[in-house]
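Hey, can you piece these two chains together into the complex? The hints should help.
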Amino acid sequence: MQLAVWTYEGPPHIGAMRIATAMEGVHYVLHAPQGDTYADLLFTMIERRSKRPPVTYTTFQAQDLGGDTANLFREAVLDAYERFRPQALLVGASCTAELIQDDPGGLAKTLGLPIPVVPLELPAYQRKENWGASETFYQLVRACAAPHVPPPGTRRLRGAVPRCNILGPTALGFRHRDDVPEVERLLETLGIEVNVIAPMGATPADLARLGDADFNVVLYPEVAGQAASWLKRSFGQPFTTIVPIGVGATKDFVAEVAQIAGVAAATANGTLRLPWYSRSVDSTYLTNKRVFIFGDATHAIAAARVASQELGFQVVGLGSYSREFGREIRAAATAHGVEPLITDDYLEVEQQIAALQPELVLGTQMERHVAKRLGIPCAVISAPVHVQDFPARHSPQMGIEGANVLFDTWVHPLMMGLEEHLLGMFREDFEFNDGVSPSHLGGHAMPRPGHGAPSELGKEAAPAAQPLPAPAAVTPHAAAGDPSAAVTGTLVVAWGADAEKELKKIPFFVRGKARRNTERFAQERGIGTITLETLYDAKAHYSR
Amino acid sequence: MSAAAAFPVSSVPGCGDAPVLRERGQREVFCGLTGIVWLHRKIQDAFFLVVGSRTCAHLLQSAAGVMIFAEPRFATAIIDERDLAGLADCNDELDRVVTRLIERRPDIKLLFLVGSCPSEVIKLDLSRAAQRLSRRFSPGVRVLNYSGSGIETTFTQGEDACLAALVPEMPAEPGTARSLLVVGALAEVVEDQFLRLFAALGVGPVRFLPSRRAAELPPIGPGTRYILAQPFLNDTARALEARGATRIAAPFPLGVEGTTAWLTAAAEVWGTPAARIAEAIAPAATRARAALGRIKERLQGKSIFFFPDSQLEIPLARFLSRELGMKLTEVGTPYLHKQHLAEELAMLPEGTMLSEGQHVERQLDRCRAEKPDIAVCGLGLANPLEAEGMTTKWSIELVFTPIQGFDQAADLAELFARPLVRRAKLMV
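Here the protein sequences come in this chain order: Y and R.
Converting from the first sequence to the numbering used here requires adding 29 to each position, the first position being numbered 1.
Converting from the second sequence to the numbering used here requires adding 74 to each position, the first position being numbered 1.
The shape of chain R in the complex, shown without the other chains (with noise of 0.2 Å):
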């Protein structure tokens, strides 16, 4: 049996076509300047320098939480009201900050300008900042900026803005040969384990986008085959293939089928003999359904209803009603796109309930009437709703978590049998 046959795609109707409600109204999300709290501490020697107002230095502390005094790579360039009088003014202003900022901390080697809704509304030109300060600071220091606003970018979308930001900045790979591309901030255990597989599939040379170090930004070219790790990368794949890679499609790797999927998948592209690919992948996926069985007998049949946050919501929906029995209500998605998603909605249930955006009021009330035993949401809802008598999973520890491969699927599953666990055990 080759592990591709694993799993069903679009001969079985799934959601591929359903319908998708589509929604707008106030959103319960954070905005893509969050991207900075995992991406700073993935790419070691770059620094994220917001340019914005006080509520974005507010924001990144929230979200930050204790992070925030480890000697962080990341602060705020809070624009006042003399900034706010005159343009040029303004670009002066940020020239001077960004040098005390670099002679502060000479272990920089990338300087991410990151834009934000008060920046993108005055129209500060970031870009065009960036290549004079890049100029100035040439060779030992790079700028680039992209764009975090909430205006423009959702939660991890940010992540998506500053990756494509780094495809203009990867070197040309000489020649057609053929390389794969990970794309997506993966944790460095999840980046290992990949690797090891990879290497055991016949797969290779591995790269991943984003690199630990900024001076270590892989090459791409016409031979590049890149996978996407993360369904959140909708502007960095474009940017990819502007340059010639191909993108090799595919579910995400969540559960142990997702990544069955996505390994073969690329595999398959290295012309791999099937039965190479089900024995290099038999160990740790025998491994991982063993550890997802003993969980399953908790989430088996329980209903669970997503709201908006940072698009992996349709692959966790995939991952929970097919390996662990779950029951899928509604799930919400800031972004959906249908082209990145194909695989993964071809395998969802049919008849799951879709929705793209938010309407908050309208969806809490939806998730009220559903009742579902499981609720997964932001922190902004989390408790409110555990008040309403709600069990609720917060969402953004499914960001912050190593969660893909084989060697995570149960502690992916874990995250969600843990609050029902909870809720069952307390007396009180």
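Pulled out of the complex, with its shape left as it was, chain Y reads as follows (with noise of 0.2 Å):
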């Protein structure tokens, strides 16, 4: 048994119900328990679907146990094909059904409807949502197109424009819908021809005719990439091993792209904007922001790339929930000199940020919470999310656009860099210090907690005047962290007054962390007050 208050990946079905409501003319039966159709909520409320999810649940109850479920099951087979007419049926246990063993594929063949039915055995107590819908899409796929596949030895005849299929997208997917066109985008300016985009939008006819495409865009390895093995395998495609999430990977994919479709490299740069943002020079301060990432596979790897090499960060951490994916992010993880973190439970996770204090966090809807606890910048790369991560507009992470958002969504969250350097230098001004609210709103508006309400003494007078401030839960980094004494329960270090008032100068948005580290610092060499040298000599001793 495992503890668990947060799962990053739902179960296995819910990876099924990803791939059928992506498509059209797909059904899925579900033997399913009262309650399992909470799911379709995630549908209708997290992205917003204005149709319910293709799945009928059989709802079994305590009573139906000892009789008939398998009856239940075909009942709601035949009452979904005859209300439906899909094309194609998906049948199938979740965790509950999988333990009274009706066998839904068994059941549903013997039904002798006159569509393909597809049965999924997904293993609900090992694998979970992704492995769900990469298998889901995979049956689907082999379903469908295996009747086409070519006797082996047959040469592939190739048209005279290229063409290939876009595979991956799936409902629930992290700005699955804003990528597809991005992608699009890239392929038309290499002159390729896109065959058929699945699992989204696709009907079990268009996934008939796969094989009819030269090779195969894989846009998210996670759901796609066994799908896209086993066309290989049978038609011959080759696919793309590249994801185009970054400027460096977009230009990488486009090259693989190309020599795949044997057509020269080209790419509109037009209204790429991220190399020029992050070389002008109000980007210089976010050189070697020390940056945490973690995600599904694909997601935390792209960023590790982009974190390093286009906006300069500095990797500190990087993992992934997606154990499938494990080789991969250790690769990366070795690639960036910092430890993998491979793991489900997002107490690990919020540990390894605790320790790591990085300046910005890249995760998900959990590093996000987790990130606002601990104070610090964050912004959000990977599924799962929460129903502001389907926004309106149009917001791909992939191709050209893509750069673009990832530069504004990241750089967002932290401080801009000229605001931050006018923060340094007048840290003392009267009117313009973290004692002082903006003065749009009046100056003493909104008193900082721990201030006080600031005088009108206070205002008109000089910063040396100003009411010794700040118990250090004033910043946001105290506010999470303790950076008291009492951390080591042993040793109580106390602040020089000169010291105390030095610390004071530091911008209040690094003090927290400049107290934590100078009293860490004293602690570990047994001082007992902080005085202006030890401030220093911590200082010195911890820059980087």
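To be clear, the hints were calculated from the coordinates, so they are not data collected in a lab.
Don't take each hint at face value.
[Said to hold, decoys possible] One-sided excerpt, in silico: chain Y residues whose CB lies under 10 Å from chain R:
(1) Gln31
(2) Ile75
(3) Arg77
(4) Thr87
(5) Gln90
(6) Leu94
(7) Gly96
(8) Glu104
(9) Asp108
(10) Gly220
(11) Asn224
Owing to the predicted nature of the structure, the values given are computational and were not obtained by experimental measurement.
Every residue gets a Cβ at the ideal spot worked out from N, C-alpha and C, and that includes glycine.
Structure, rendered in structure tokens:
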């Protein structure tokens, strides 16, 4: 048994639902108890779909268990077929039905429906959501495309224009909706035709045509990797291995596609702004910002490259909950010189973030909350995400516009460089320091907690006359962690008046960290009272 | 005029003997585990450990939304394939997980082991596990169990199962002293309002189940009169009666009429004179009636369709039809307890279509045919119905929002008026 409060992934049948919901003309009959319909609201609320997912649940109850749940399943399949008339039917069991062993596949086959019936074996006690999506897509592709597999040894005939399929976008996928047109744009520039996009928007009939393409573009290996391997074996279609997230990866992706398609590499860079934004002097302060990255393997690995090569951050942690991609994550972590973190326990991730004290966290919805608690800026790069990360505006992660989106999204939570510089320069200024509220709020409208309401006198007076501020709880860092001497419980470290005064000169948003580092430094050396010297010794010790 | 006479009881036909459409098929409802999401806020030193699958954990996380990050007092012990290999192993594993949990959270005084579909199907004996763990962690932590599985419970029935598990833990009231027990989780603001009203009515002592702290469970005995504040408390009522308590029959405290009748029913048991009842209730009731009057303009004559969800549907339909003049089309409920709802049914307009259970596709067909002005349904159906042009009110909000009592009557009406106002306002 595993103790879990938060799970990064749902059970595998949610993955199957993501495939069925993404497609047209597919219906999924799920042998499941009352209550499992909760999953519908992920699609209708988080992704704001205007239609119910194409899923029928058998809704068996306790009183059915002694009797004929198998018959209940048969009736549900017949009902669903009559009502929805799908082109293909998926049948399977949720975690509870797996335990009662009714064999949905066998039962559905005996009904003799005139459409392909694809049985799904999704071991709910071993596997998770992404695996379920991958397996379901693979099984559907096989069921629909296998009848068209040419005999071994057949030579591929190439048309005048190279054609490809785009594989991987699903329902509930992080920015899948907007990634697809970005990738289509890249392919269009290369003069490549798109044959089928699947599963998003595809019908079973479309899957049957997958073999008509020359090669496959795999956008999300977590979902489409397995299907692409099968298509390669069966139709001789090569597939792409580079995911075009970031400027460099997009360039490499274009080169890979051009090579596979036998065309010259070309990109329309006209609207690409990340490289210039990143070079503009305002971005200098981004240099070596320490960033922690966690998410699904594809997005985490891509983010690490963008962070380090395109924004000039320093990657201090890289991890993923995608155990299936452990090898790739380990390789990427090694390349960035950090320890890989492969876990689906958010407490471990939280611990790591707290220990590393990064200046920016890139992660999932969960890391967003961890970072909020620790007072660290954060941006979301991967599922699971909440409703705000299915935005109304065009917001891809891939391709040219994707790179622009990444720049804005990641930099936004950090303070803009000019602002940071001004705060440093004018920290002693009477109306431009952390004790005073913004002038557009009247200078005293919103006192910061811990400062008390700034008095009229305080407003007028020179900085030296400011009330001695700041229990450390003023800063976000301090609010989250415990900066006090209680950390060790043995040595209580006191602050000398000079050192305390000097500490106030450090901009408030890094003051918490400085206080903490200095105290740790003093504790480790058995220094009872922190002096000016200790403060600067610690600063020198921790400077990088 | 006695306040009790303000509403007609079974002398009017109502829906007391009306036929009920009973259906089975796909149910678009939550399982009882969802009750944890509000119960853990209510019982402040209890922890809810679901013994289930990844699906159960995923459900809780989806239902709890952002609450999951505020050091929640619930979690899931996810069964994996090793646990399925043999039952003895499963119990050891559970002990290990609980031990780790209690070490991490020494503030916990009461731990619920909550059964799920998987744990019920593999027949993991959580009641024995609870006894075993209770002995081990006694006296610091008490361990109880109940089932919130989908195969046995629908949504709010999870609260029923939880409260029923608490009843045997309630201390015995010495003697036959009379006390009032209000049963069903209510918002604290509502509890406090009721306490003030009961004091004015001369009814007391008044206690609540669940209590805010596990150690302060109310005593119970033959002198205990209990009144249900929620309609879904079948098993809890039975357990209370097994301990000698007697139910005060009343409609549920929704709307001015329901709240008046509910308070009056208790006051009459305490022998409060009618004049004092009327006087105690008048200020809040008058205020609430005035507030309702303003919203009534928007709701009067509008038709409403209820999909089954929480068992609150019948009292809500009664309130909306009698106090706001709405027309009832179909009132669906997951489970209809005829005895507890007798007063409510008698007050429903004659001929109201009632349904119990669900075949969601057929019910959607009926709803589309009725074209109600507003459909009350779960979040899985709401956006799809809106996209079809229907106005909806998502039903879970009715469980999480304080809606009982006089001062919440207008808030409750507003919940139904807002989607209509919004539809009228939007010009895009």
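Hints versus structure:
1. Gln31: Constraint on Y/Gln31 satisfied, holds at 5 Å.
2. Ile75: holds, 8 Å
3. Arg77: Cβ of Y/Arg77 sits 6 Å from chain R, so the hint holds.
4. Thr87: Interface hint status for Y/Thr87: holds (7 Å vs cutoff 10 Å).
5. Gln90: holds, 5 Å
6. Leu94: holds, 7 Å
7. Gly96: Check failed: Cβ of Y/Gly96 comes no nearer than 13 Å to chain R, outside 10 Å.
8. Glu104: holds, 9 Å
9. Asp108: holds, 8 Å
10. Gly220: Violated: closest Cβ of chain R sits about 38 Å from Y/Gly220, beyond 10 Å.
11. Asn224: It is violated, given that the least Cβ distance between Y/Asn224 and chain R is near 30 Å, above 10 Å.
In terms of the numbered hints stated before, the structure departs from hints 7, 10 and 11, listed from lowest to highest.
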